[in-house]
Amino acid sequence: EAQVTQNPRYLITVTGKKLTVTCSQNMNHEYMSWYRQDPGLGLRQIYYSMNVEVTDKGDVPEGYKVSRKEKRNFPLILESPSPNQTSLYFCASSFKGLDQPQHFGDGTRLSIL
Amino acid sequence: GESVGLHLPTLSVQEGDNSIINCAYSNSASDYFIWYKQESGKGPQFIIDIRSNMDKRQGQRVTVLLNKTVKHLSLQIAATQPGDSAVYFCADLRRGSARQLTFGSGTQLTVLP
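Chains as they are written, first to last, in this note's numbering: chain A, 29 to 141; chain B, 1042 to 1154.
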């Protein structure tokens, strides 16, 4: 089954404690992306990757890092989380880029206390 | 700034009726538009997309209409079913070197028995 898998699904943590949200896709997609979803704001792109070892900033990259060492994996790293990063996060992938439908994971709800 | 908005945050329809969800976009340089459905606790799911060289596109029980003159996009769902209850949001992709996908905040569709 084609899918994007995120882990963990839920996490409550404290300010400053580094965390990583993993994302894996099994569709051999080149393009992967991270979004955050906040009430009333819609999805906003954090970082994206056009292919292995190619990453770039989205609209709201501050406080986040990503890496793309393998085609299937695209982890999101919060080096020093802060309360304003409390949000619902989605990983997505598409075959080539933004002008194609993206497949989304089921989300990771992060609460930073 | 550029934005994609929705006319109504909520929409209730009777089961079996047709639903129409509207979306306005402001970026005249957008050339790709897409609709997603998001059920509670899940990630967005692709419904249908359309490129700016088309006015209408049909899928299974869904139709997307694009009016570039007034920068308006609509999603029509035929014979709405209980399983169609979800948040629906549109997104538009700005063409050019700085490709940006802008998501609306969504319309909650409730199907009444």
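One should not assume that every hint holds.
25 Å max Cα-Cα, derived SDA-like pairs, lysine to any residue [claimed, not checked]:
| no. | chain 1 | residue 1 | chain 2 | residue 2 |
| --- | --- | --- | --- | --- |
| 1 | B | Lys1097 | A | Asn54 |
| 2 | B | Lys1109 | A | Gln128 |
| 3 | B | Lys1109 | A | Asn54 |
| 4 | B | Lys1083 | A | Tyr92 |
| 5 | B | Lys1112 | A | Leu116 |
| 6 | A | Lys124 | B | Arg1092 |
| 7 | A | Lys85 | B | Tyr1073 |
| 8 | B | Lys1112 | A | Thr41 |
| 9 | B | Lys1112 | A | Lys99 |
| 10 | A | Lys99 | B | Arg1098 |
| 11 | A | Lys46 | A | Ala30 |
| 12 | A | Lys99 | B | Arg1140 |
| 13 | A | Lys124 | B | Arg1098 |
| 14 | B | Lys1083 | A | Leu39 |
| 15 | B | Lys1083 | A | Gly44 |
| 16 | A | Lys124 | B | Pro1050 |
| 17 | B | Lys1112 | A | Ala30 |
| 18 | A | Lys85 | B | Arg1098 |
| 19 | A | Lys85 | B | Lys1109 |
| 20 | A | Lys124 | B | Ile1089 |
| 21 | B | Lys1112 | A | Gly125 |
| 22 | B | Lys1109 | A | Asn101 |
| 23 | B | Lys1112 | A | Gly68 |
| 24 | A | Lys85 | B | Gln1086 |
| 25 | B | Lys1109 | A | Lys99 |
| 26 | B | Lys1083 | A | Glu81 |
| 27 | B | Lys1112 | A | Asn56 |
| 28 | A | Lys124 | B | Arg1140 |
| 29 | B | Lys1083 | A | Leu116 |
| 30 | B | Lys1083 | A | Asn54 |
| 31 | A | Lys93 | B | Arg1140 |
To list a few chain A residues with every Cβ distance to chain B over 10 Å, as calculated [said to hold, decoys possible]:
| no. | residue |
| --- | --- |
| 32 | Val32 |
| 33 | Gly44 |
| 34 | Leu71 |
| 35 | Arg72 |
| 36 | Gln130 |
| 37 | His131 |
| 38 | Asp134 |
| 39 | Ile140 |
Read the hints as simulated data drawn from the structure, not as lab findings.
The C-beta atom is built at its ideal place from N, Cα and C for all residues, glycine as well.
A quick look at each hint next to the structure:
1. B:Lys1097 - A:Asn54: This hinted pair is violated, its Cα atoms lying about 32 Å apart.
2. B:Lys1109 - A:Gln128: holds (20 Å)
3. B:Lys1109 - A:Asn54: Outside the cut-off at roughly 36 Å; violated.
4. B:Lys1083 - A:Tyr92: Holds, because 23 Å separates the two Cα atoms, which is no more than 25 Å.
5. B:Lys1112 - A:Leu116: Roughly 29 Å separates the two Cα atoms, so the pair is violated.
6. A:Lys124 - B:Arg1092: With a Cα-Cα distance of about 16 Å, the restraint between lysine 124 of chain A and arginine 1092 of chain B holds, given a limit of 25 Å.
7. A:Lys85 - B:Tyr1073: holds (21 Å)
8. B:Lys1112 - A:Thr41: violated (43 Å)
9. B:Lys1112 - A:Lys99: violated (37 Å)
10. A:Lys99 - B:Arg1098: Roughly 32 Å separates the two Cα atoms, so the pair is violated.
11. A:Lys46 - A:Ala30: With a Cα-Cα distance of about 30 Å, the restraint between lysine 46 of chain A and alanine 30 of chain A is violated, given a limit of 25 Å.
12. A:Lys99 - B:Arg1140: Roughly 22 Å between the alpha carbons, so the hint for lysine 99 of chain A and arginine 1140 of chain B holds.
13. A:Lys124 - B:Arg1098: holds (22 Å)
14. B:Lys1083 - A:Leu39: holds (16 Å)
15. B:Lys1083 - A:Gly44: violated (28 Å)
16. A:Lys124 - B:Pro1050: violated (32 Å)
17. B:Lys1112 - A:Ala30: Violated, because 34 Å separates the two Cα atoms, which is more than 25 Å.
18. A:Lys85 - B:Arg1098: violated (32 Å)
19. A:Lys85 - B:Lys1109: Violated - the C-alpha atoms of lysine 1109 of chain B and lysine 85 of chain A are around 29 Å apart, more than 25 Å.
20. A:Lys124 - B:Ile1089: holds (17 Å)
21. B:Lys1112 - A:Gly125: Roughly 23 Å between the alpha carbons, so the hint for lysine 1112 of chain B and glycine 125 of chain A holds.
22. B:Lys1109 - A:Asn101: The hint is violated at about 38 Å.
23. B:Lys1112 - A:Gly68: Holds, at roughly 21 Å.
24. A:Lys85 - B:Gln1086: At roughly 24 Å apart (the allowed maximum being 25 Å), glutamine 1086 of chain B and lysine 85 of chain A satisfy the hint.
25. B:Lys1109 - A:Lys99: violated (37 Å)
26. B:Lys1083 - A:Glu81: violated (29 Å)
27. B:Lys1112 - A:Asn56: Status violated; Cα separation ~35 Å.
28. A:Lys124 - B:Arg1140: holds (13 Å)
29. B:Lys1083 - A:Leu116: holds (11 Å)
30. B:Lys1083 - A:Asn54: holds (18 Å)
31. A:Lys93 - B:Arg1140: holds (21 Å)
32. Val32: Non-interface label on valine 32 of chain A violated, nearest chain B Cβ at 7 Å vs cutoff 10 Å.
33. Gly44: holds (28 Å)
34. Leu71: violated (4 Å)
35. Arg72: violated (8 Å)
36. Gln130: violated (7 Å)
37. His131: violated (7 Å)
38. Asp134: violated (5 Å)
39. Ile140: The claim holds: isoleucine 140 of chain A sits with its nearest Cβ about 21 Å from chain B, beyond 10 Å.
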